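Number of protein chains: 2
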Amino acid sequence: MKCCDNIDARMVDETSINIDPIQVGGRLTPEAMKAMISWGDGYSVCDNCRKPFRLDYIQNPPLKEFHADLAEWLGMAQARTVPGARRAFQQVAGTYVEKGDPVLIGALAHYTSYLSVELQKGVVREIPKTKDNLITAENTADRIEDVIREFGTAPKLLYIDHVDYQFGNMHDVKGVAKVAHQYDVPVLYNGVYTVGIMPVNGKDLGVDFVIGSGHKSMAAPAPSGVLAATGERAEEVFRTTKMQGDLSGRTFGIKEVGILGCSLMGAPIVGLLASFPTVKERVKHFDEELANSKIIVDALRSIEGTKILSEYPRKHTLTRVDTTDSFDVVAQTHKKRGFFLSSALGKKGIRGIIPGATKIWKFNTYGMTRKQAEYVADTYLEIAETNGMTIS
Amino acid sequence: MKCCDNIDARMVDETSINIDPIQVGGRLTPEAMKAMISWGDGYSVCDNCRKPFRLDYIQNPPLKEFHADLAEWLGMAQARTVPGARRAFQQVAGTYVEKGDPVLIGALAHYTSYLSVELQKGVVREIPKTKDNLITAENTADRIEDVIREFGTAPKLLYIDHVDYQFGNMHDVKGVAKVAHQYDVPVLYNGVYTVGIMPVNGKDLGVDFVIGSGHKSMAAPAPSGVLAATGERAEEVFRTTKMQGDLSGRTFGIKEVGILGCSLMGAPIVGLLASFPTVKERVKHFDEELANSKIIVDALRSIEGTKILSEYPRKHTLTRVDTTDSFDVVAQTHKKRGFFLSSALGKKGIRGIIPGATKIWKFNTYGMTRKQAEYVADTYLEIAETNGMTIS
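Protein chains in written order, with the numbering used here: chain A, 1 to 392; chain B, 393 to 784.
Note that these hints are calculated values from the structure, not bench results. Bear in mind the structure is a predicted one, so any value in this text is a computation, not a measurement. Treat each hint with caution, since some may be false.
What the hints assert, rightly or not - Below 27 Å or equal to it, Euclidean Cα-Cα: the simulated DSS-like pairs (lysine-lysine) are:
1) Lys336(A) <-> Lys443(B)
2) Lys121(A) <-> Lys513(B)
3) Lys335(A) <-> Lys443(B)
4) Lys570(B) <-> Lys751(B)
5) Lys99(A) <-> Lys513(B)
6) Lys394(B) <-> Lys740(B)
7) Lys426(B) <-> Lys2(A)
8) Lys284(A) <-> Lys34(A)
9) Lys174(A) <-> Lys131(A)
10) Lys566(B) <-> Lys672(B)
11) Lys491(B) <-> Lys2(A)
12) Lys763(B) <-> Lys676(B)
13) Lys2(A) <-> Lys570(B)
14) Lys763(B) <-> Lys99(A)
15) Lys280(A) <-> Lys491(B)
16) Lys51(A) <-> Lys566(B)
17) Lys336(A) <-> Lys280(A)
18) Lys570(B) <-> Lys523(B)
19) Lys315(A) <-> Lys335(A)
20) Lys51(A) <-> Lys727(B)
21) Lys2(A) <-> Lys727(B)
22) Lys394(B) <-> Lys566(B)
Let the sequences and hints guide you as you build the complete structure.
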């Protein structure tokens with residue numbers, strides 16, 4: 001089926017249980033879809049833009065109120081919307097990092113953290129993961145000392161993922177931030193797997209910046225994200241332009257430099273806004289999500305040879321699993337080779353795993369009903385049994 | 393009417409003839425709307441992302457082909473999509489401009505041009521406009537010489553708007569680029585009012601970068617845009633990451649630094665793609681758009697005291713007009729004051745002008761039918777007559 005001449009219609013979540021590691025927290029709510037249809041034109045929200053001519057001052061739709069609500073919800077002083085979390089990384093790095101400056105990044109961080117430092121020509125130093133794949137306060141302290149020895153200065157910025165994308169492990173943000181602040185290092189909290197998924201309060205965590213992703217975890221269209229800051233840091237990261245035309249004398253009001261004036265118009269901003277009531281509510285029920293996740297994780301664990309590489313018990317619905325000694329053994333002799341697993345799942349209406357993957361792979365159970373979780377768990381067990389694997 | 397609890401439904405183009413200066417070229421095609429509904433989830437286009445794991449390599453939807461088509465259509469070697477033209481400015485400035493470096497900008501440029509230089513801590517020097525509000529090759533040459541005298545180096549980059557947002561005037565890009573290249577200055581062509589509106593060929597114009605806006609002129613959702621470059625410049629502006637984790641040894645494949653890896657997912661990219669056939673076709677008929685524009689411009693000119701501030705005859709559908717000596721005279725004594733004009737237009741189903749504006753204002757006739765243009769022209773004349781103004 002085509003949705004237009006040159007594009008197939010997409011029917012993933014309409015026809016399947018989706019366990020894609022990156023997609024499930026970003027699926028649009030019905031409200032976001034309706035808002036997107038109504039406000040889909042790019043400059044739609046500019047209909048009622050009046051002085052001082054900045055997106056976060058627009059009152060209809062209620063963007064001004066939304067920005068204030070966002071900040072409060074995250075326990076921060078101010079918030080802005082941005083075209084994706086990576087653009088928030090860029091904005092923060094652009095504020096604090098100059099050529100040659102050291103920046104500390106947890107070694108499990110997403111590649112965009114690294115690239116945002118590369119853009120500034122900064123130098124990345126990593127906080128190593130422990131053997132349990134955790135980023136700890138202790139290792140942070142050691143690495144800050146290392147940086148001081150190497151550069152003669154503390155890191156200009158520190159990135160810490162609350163829940164990393166590789167294992168879905170939860171790291172000690174509070175401990176890391178406490179150490180960093182002993183050296184006056186600003187702390188960037190990467191909440192792309194937490195903001196919109198579980199309760200997040202930047203003040204309690206003691207971080208300087210909270211960054212979330214609309215399309216990853218806030219049920220909003222891409223590219224969208226949020227950058228929130230403490231009062232002190234807001235003045236730096238949300239600084240307004242001081243530019244002046246040398247001949248024309250032109251100045252540019254209260255446009256913010258880091259965000260290049262106005263940020264998120266049209267579908268992404270109204271989508272964020274429309275989903276916000278649902279998102280605020282759903283974070284309170286993350287325990288139910290974890291319970292669903294446990295059903296599937298435990299089913300996989302019961303298949304002999306399968307290892308859960310993520311921390312266990314799970315604290316997040318994103319899980320990394322190693323089936324080299326289970327499903328991949330079957331793949332060696334199966335006529336479909338590694339594709340037997342995704343194919344068998346597909347036939348049962350389960351999608352979102354990279355076709356062919358039978359060694360190390362990830363899945364995310366977020367947003368399922370209990371019944372769907374049980375169905376997915378049963379399906380994995382059924383596939384294992386059908387292929388002669390042992391279930392303990 | 394609400395589209396969801398916290399957002400009113402927007403019904404501007406459904407109920408009115410819209411002459412908003414910034415909105416009309418970005419209104420979605422029916423194809424873009426359908427594509428957005430089908431692919432609205434943020435990571436939708438990642439369903440079929442395979443090695444080398446970069447958005448512009450995805451084959452379903454046909455993003456790889458689209459990127460190649462875009463480049464060819466613009467007469468450039470390579471193209472990328474970006475979250476808005478301003479992010480393309482940022483990407484180019486980020487490649488060429490360091491702290492204290494001089495950058496030349498046409499004095500009619502959009503504020504985001506200036507801010508993208510401010511982000512790099514560069515120094516803006518302006519090319520002055522002539523008394524006719526044009527940016528010329530002659531003034532460009534003078535200013536390059538000025539910069540060399542002041543900084544001991546030619547500008548690191550030059551921004552030239554093909555059609556500026558203030559007057560909708562068309563500037564001598566070819567002449568400006570020729571001069572700039574005599575000094576080896578890279579030329580950034582700002583085509584936010586031209587790419588998707590009229591034929592644009594970067595090779596013919598002799599520029600290094602062509603930047604367009606999806607939501608301003610390519611009938612695509614916001615934030616979206618295109619950055620195209622010559623072969624030589626593409627290697628610089630689309631350079632891939634060289635970052636490596638100092639402890640983990642992690643590297644990041646062929647992710648591009650300037651765009652932070654992948655750029656435009658979900659609704660904006662499928663919207664751009666879905667509208668592309670229409671957009672490619674419509675640029676061939678810009679003469680019809682100008683003919684419609686002329687009907688309205690000439691009607692306004694015939695109202696005594698009204699001055700067209702843009703160049704005349706018009707070369708673009710965006711026009712700046714001064715009605716201080718016509719409509720604003722009425723406003724002085726009208727019981728609705730300056731709001732009489734927007735109110736009278738609104739009653740006749742014409743929208744998009746800032747309410748209250750009766751002195752200097754802008755409008756854009758792009759996308760109208762001939763009949764709508766005649767209707768708008770007649771409505772202005774009728775309002776003038778009703779208020780006792782003289783029509784010549």
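Go through the numbered hints given earlier and state which of them the structure violates, listing their numbers in rising order.
4, 11, 13, 14, 15, 16, 17, 19, 21, 22
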